[in-house]
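J.: Keeping their order, the protein sequence lines are chains B and Z. Be aware that the first sequence starts at 1, since it is given in this note's numbering, and climbs by one per residue. Be aware that the second sequence starts at 1, since it is given in this note's numbering, and climbs by one per residue.
Please keep in mind that the hints were generated in silico from the structure rather than gathered at the bench. Just so we're clear, the structure is a prediction, and the values are computed from it rather than from any experiment. One or more of the hints may lead you astray.
[Unchecked claim] Covered stretches of chain B (chain Z as the covering partner; in silico rule of three or more C-beta atoms under 8 Å from a C-beta of chain Z):
1) 36–42
2) 53–60
3) 234–241
[Stated by the list, open to error] Label pairs and their in silico Cβ distance ranges:
4) B:R267 with Z:D439: 57 to 67 Å
5) Z:R339 with B:R12: 43 to 53 Å
6) Z:V355 with B:P13: 29 to 39 Å
7) Z:R330 with B:P13: 26 to 36 Å
8) Z:K335 with B:E59: 31 to 41 Å
9) B:P268 with Z:P245: 44 to 54 Å
10) B:D228 with Z:P245: 39 to 49 Å
11) Z:G326 with B:E59: 22 to 32 Å
12) B:E25 with Z:G326: 58 to 68 Å
13) B:P13 with Z:D233: 57 to 67 Å
14) Z:D24 with B:L153: 49 to 59 Å
15) B:P13 with Z:P245: 31 to 41 Å
16) Z:N42 with B:R193: 21 to 31 Å
All C-beta atoms in this analysis are idealised placements derived from N, C-alpha and C, irrespective of residue type, glycine included.
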Amino acid sequence: MGDTQAPGDGRRPVFAAERRQRIIELVRANGAVSLRELAQAVRSSEVTVRRDLRALEAEGLLNRHHGGATLPGELSREPTYTQKAQVASAEKLAIADLAASLVEDGDAIVVGPGTTTQEFARRLSRNTELAVVTNSLLVAQALAGAARVEVVLTGGTLRGSIHALVGSAAEHSLAGLRVRRAFISGNGLTAERGLSTPNMQVASVDRALAAAAEEVVVLADHTKIGIDTMVQTVPSDRIDHLVTDDGAPRDVLDDLAARGVHLHVARP
Amino acid sequence: MTTGSTVLQAAGILKSFQGVRALDHVSFTLAAGEVHALVGGNGAGKSTLVKLLSGVHQPDGGELRYLGERRRGFASPGEARRAGIATIHQESNLVPLMSVARNLFLGREPRTRFGLIDFARMHARAAEILAAYGMEVDVRRPLGSLGAGAQQMVALARAASADARVVIMDEPTSSLEPAEMDVLFGAIDRLRGEGRSVIYVSHRLEEIYRICDRVTVLRDGKVVHTGPLPGLDRVRLVSLMVGRPYHPRADEPAPEPAGPADVPADLPILEATGLTRRHVLSGVSIAIRQGEVLGLGGLLGAGRSETARAIAGAMPVDAGQVIVAGAPLRKWSIKGAIRAGVGLVPENRTTEGIVPGLSIRDNIALAALPRLSRAGIVSDARVDRVVATFMRRLGIKAVSPRQPVAELSGGNQQKVLLARWLAMNPKILLLDEPTRGVDVAAKGEMQSLIDDLAVDGLAVLLISSDISELVENCDRVVVLHDGAITGELVGPEVTEEGIMAAMAATPQPAP
Numbered sequence: 001m002g003d004t005q006a007p008g009d010g011r012r013p014v015f016a017a018e019r020r021q022r023i024i025e026l027v028r029a030n031g032a033v034s035l036r037e038l039a040q041a042v043r044s045s046e047v048t049v050r051r052d053l054r055a056l057e058a059e060g061l062l063n064r065h066h067g068g069a070t071l072p073g074e075l076s077r078e079p080t081y082t083q084k085a086q087v088a089s090a091e092k093l094a095i096a097d098l099a100a101s102l103v104e105d106g107d108a109i110v111v112g113p114g115t116t117t118q119e120f121a122r123r124l125s126r127n128t129e130l131a132v133v134t135n136s137l138l139v140a141q142a143l144a145g146a147a148r149v150e151v152v153l154t155g156g157t158l159r160g161s162i163h164a165l166v167g168s169a170a171e172h173s174l175a176g177l178r179v180r181r182a183f184i185s186g187n188g189l190t191a192e193r194g195l196s197t198p199n200m201q202v203a204s205v206d207r208a209l210a211a212a213a214e215e216v217v218v219l220a221d222h223t224k225i226g227i228d229t230m231v232q233t234v235p236s237d238r239i240d241h242l243v244t245d246d247g248a249p250r251d252v253l254d255d256l257a258a259r260g261v262h263l264h265v266a267r268p
Numbered sequence: 001m002t003t004g005s006t007v008l009q010a011a012g013i014l015k016s017f018q019g020v021r022a023l024d025h026v027s028f029t030l031a032a033g034e035v036h037a038l039v040g041g042n043g044a045g046k047s048t049l050v051k052l053l054s055g056v057h058q059p060d061g062g063e064l065r066y067l068g069e070r071r072r073g074f075a076s077p078g079e080a081r082r083a084g085i086a087t088i089h090q091e092s093n094l095v096p097l098m099s100v101a102r103n104l105f106l107g108r109e110p111r112t113r114f115g116l117i118d119f120a121r122m123h124a125r126a127a128e129i130l131a132a133y134g135m136e137v138d139v140r141r142p143l144g145s146l147g148a149g150a151q152q153m154v155a156l157a158r159a160a161s162a163d164a165r166v167v168i169m170d171e172p173t174s175s176l177e178p179a180e181m182d183v184l185f186g187a188i189d190r191l192r193g194e195g196r197s198v199i200y201v202s203h204r205l206e207e208i209y210r211i212c213d214r215v216t217v218l219r220d221g222k223v224v225h226t227g228p229l230p231g232l233d234r235v236r237l238v239s240l241m242v243g244r245p246y247h248p249r250a251d252e253p254a255p256e257p258a259g260p261a262d263v264p265a266d267l268p269i270l271e272a273t274g275l276t277r278r279h280v281l282s283g284v285s286i287a288i289r290q291g292e293v294l295g296l297g298g299l300l301g302a303g304r305s306e307t308a309r310a311i312a313g314a315m316p317v318d319a320g321q322v323i324v325a326g327a328p329l330r331k332w333s334i335k336g337a338i339r340a341g342v343g344l345v346p347e348n349r350t351t352e353g354i355v356p357g358l359s360i361r362d363n364i365a366l367a368a369l370p371r372l373s374r375a376g377i378v379s380d381a382r383v384d385r386v387v388a389t390f391m392r393r394l395g396i397k398a399v400s401p402r403q404p405v406a407e408l409s410g411g412n413q414q415k416v417l418l419a420r421w422l423a424m425n426p427k428i429l430l431l432d433e434p435t436r437g438v439d440v441a442a443k444g445e446m447q448s449l450i451d452d453l454a455v456d457g458l459a460v461l462l463i464s465s466d467i468s469e470l471v472e473n474c475d476r477v478v479v480l481h482d483g484a485i486t487g488e489l490v491g492p493e494v495t496e497e498g499i500m501a502a503m504a505a506t507p508q509p510a511p
């Protein structure tokens, strides 16, 4: 039993070479694709795709990353935390102030990593009966002194450049969680593709954060609006609120509002 | 059922061998008239517990309570036997050259008034006792002339007639025919009816559910579950035995609406069809392609190692065929299989592979020597080159290639064994429990090594009792149960839940 001839249950015999060809096409079409997405698309296991990527990488056809693949030579650089902290700091403070007003006592929220969310977290220490789940060490630290706020850190692998926990352990600890709002940041936000980030692993956790909440609140200053980076994390129609500053391009904001995003514009 | 009072109770039993804890605070209760299954994987502690209860070993700590009497243990097998604990092993401890009747009454033969054995009475009694177990044999024949099943029945009848309060049966059915099994189960029922207790060690789920009242699951020397069998889901029992949680994701919204998995279309490099051997394998067929890692799952004794050994020519079969790269293996021999490109890295590396006293170099070069020599002369330089290549490639950590293998860690010994086979340039590599007894880091290395081998185009058969290892390494998984295939999982179907469900499935009779 169990061999491949004429499977009658909808299973389809596919040659390994065909499958690898499809993987290359998928990565070409999408820029970057995660292992899980690839496995689903080619109806194989992640184990099989993992080895396919290795083989394709050995042939120089793809670049393999932890958790996915990109085309060779593609730039996907992530700015470090210190670089980001210097950008638009006055706007970030104003955004943090405004976003904090979206939190009520008794809420349960998840907070993603970032310089803006760190500022946002600092403003939550006066809240009471608040439960905060986060994968950001900075957010956790900002709330360390808040006696009435319960802080839960996810597990995961430390990504030093952004002081956040990523990887499957982080995603697992978010799975099955249900909170009212997710407060997340990203590296770019457009009306067409929604929120995005240059890194695959960070993107996966951001998605998991968004999936854990009924409503998604994006914190993004004007430098990020209209910018598209490599990996989509939250599509626009899944974003409920955007907190930004008044330097953001009007047309993008209008587009987002047309897609049902509530806008909160801070004036620094 | 006349279950009631407790016959035997073990509390907090400790037992270590050379500092390795075999039993860790094991507690166990056996009621009168109860058939109690004792299950667990390799190294779970079943046999240690059985040996403690039958007086072979004595506990390091804890307490036994037998028939209301508190005691440390039994000083010897004889003491346990006299106290009424009879043990029936896989290999019966009877005397094959003596008659059936003599074996039945060994040590307590009926005597005439002159003190001689009363053969007439002994033979009549023996025939009577065996008839009660549905056996019609000439009790004057030597025991050794009977089949394995019949011998087992004699052992059981002996134990039962000897006023045993507790009968311990260790894998009693491994060599029985179906009809003999029915007789055995009838005998167990009788014991239960008479208020005697049975400890039934087995890994065959069908039997356990058929005749046992309660079950105790051991894992890594600890009791992980004890309770009644009716109402205990088979998959749940499997999950307890293998130590992985079973939670089918029925309540969650299906995360991926993935259709049926794709199956490989490439021609297999290895095709084994209808491998059959009485009591061991029934109609096992598997196929592996280049670059594919096929997992072989199943409980202890399901026939996984036997399948690998059959493919490698190390175990004769009654029927079946092995085809490598389109050519059938004609001679059923290890040599023939190796020549065709099949390498088997066996489960027990210390007894079946590694030569501990020899150096890493010699252990690696051992099998490949004929290839590395010309006209019978071994070229040292070539051997050194090959050994160095594999030590680097597999990341074997050692002071030098001349270091004795015995000084290496388990993980590195395993790599040496792997290197020996890779030096033979196999097309197919059969890995039997490659990470048993190695640490977590070595497990991770083995995984990336298997990836490398697969990417290089080797076909790999991976046997593992560690279900997560199968999930993390295999493109496909075939699950065996009782020598037959009960499931094949492909691609996204390869999940811990899927494997456990197939492990718990009942085998269909071979076509």
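J.: Hint by hint, note whether the structure agrees.
T.: Results for each hint:
1. 36–42: Our answer is that it holds, as 3 residues pass the Cβ test (under 8 Å) against chain Z, meeting three.
2. 53–60: Three-residue rule met by the stretch 53–60 of chain B, so holds; n is 3.
3. 234–241: violated (count 0)
4. B:R267 with Z:D439: 57 to 67 Å: Between R267 (chain B) and D439 (chain Z), where Cβ atoms are some 59 Å apart, the hint holds.
5. Z:R339 with B:R12: 43 to 53 Å: 36 Å, violated
6. Z:V355 with B:P13: 29 to 39 Å: 44 Å, violated
7. Z:R330 with B:P13: 26 to 36 Å: 30 Å, holds
8. Z:K335 with B:E59: 31 to 41 Å: Given about 37 Å between the Cβ atoms, the range holds.
9. B:P268 with Z:P245: 44 to 54 Å: Check passed, 51 Å falls within 44 to 54 Å.
10. B:D228 with Z:P245: 39 to 49 Å: 41 Å, holds
11. Z:G326 with B:E59: 22 to 32 Å: 27 Å, holds
12. B:E25 with Z:G326: 58 to 68 Å: Hint violated: Cβ distance 32 Å, outside 58 to 68 Å.
13. B:P13 with Z:D233: 57 to 67 Å: Since P13 (chain B) and D233 (chain Z) have Cβ atoms about 35 Å apart, the given range 57 to 67 Å is violated.
14. Z:D24 with B:L153: 49 to 59 Å: 33 Å, violated
15. B:P13 with Z:P245: 31 to 41 Å: The hinted range 31 to 41 Å holds for P13 (chain B) and P245 (chain Z), with Cβ atoms some 34 Å apart.
16. Z:N42 with B:R193: 21 to 31 Å: 52 Å, violated
In this structure, the hints that do not hold are numbers 3, 5, 6, 12, 13, 14 and 16, in rising order.
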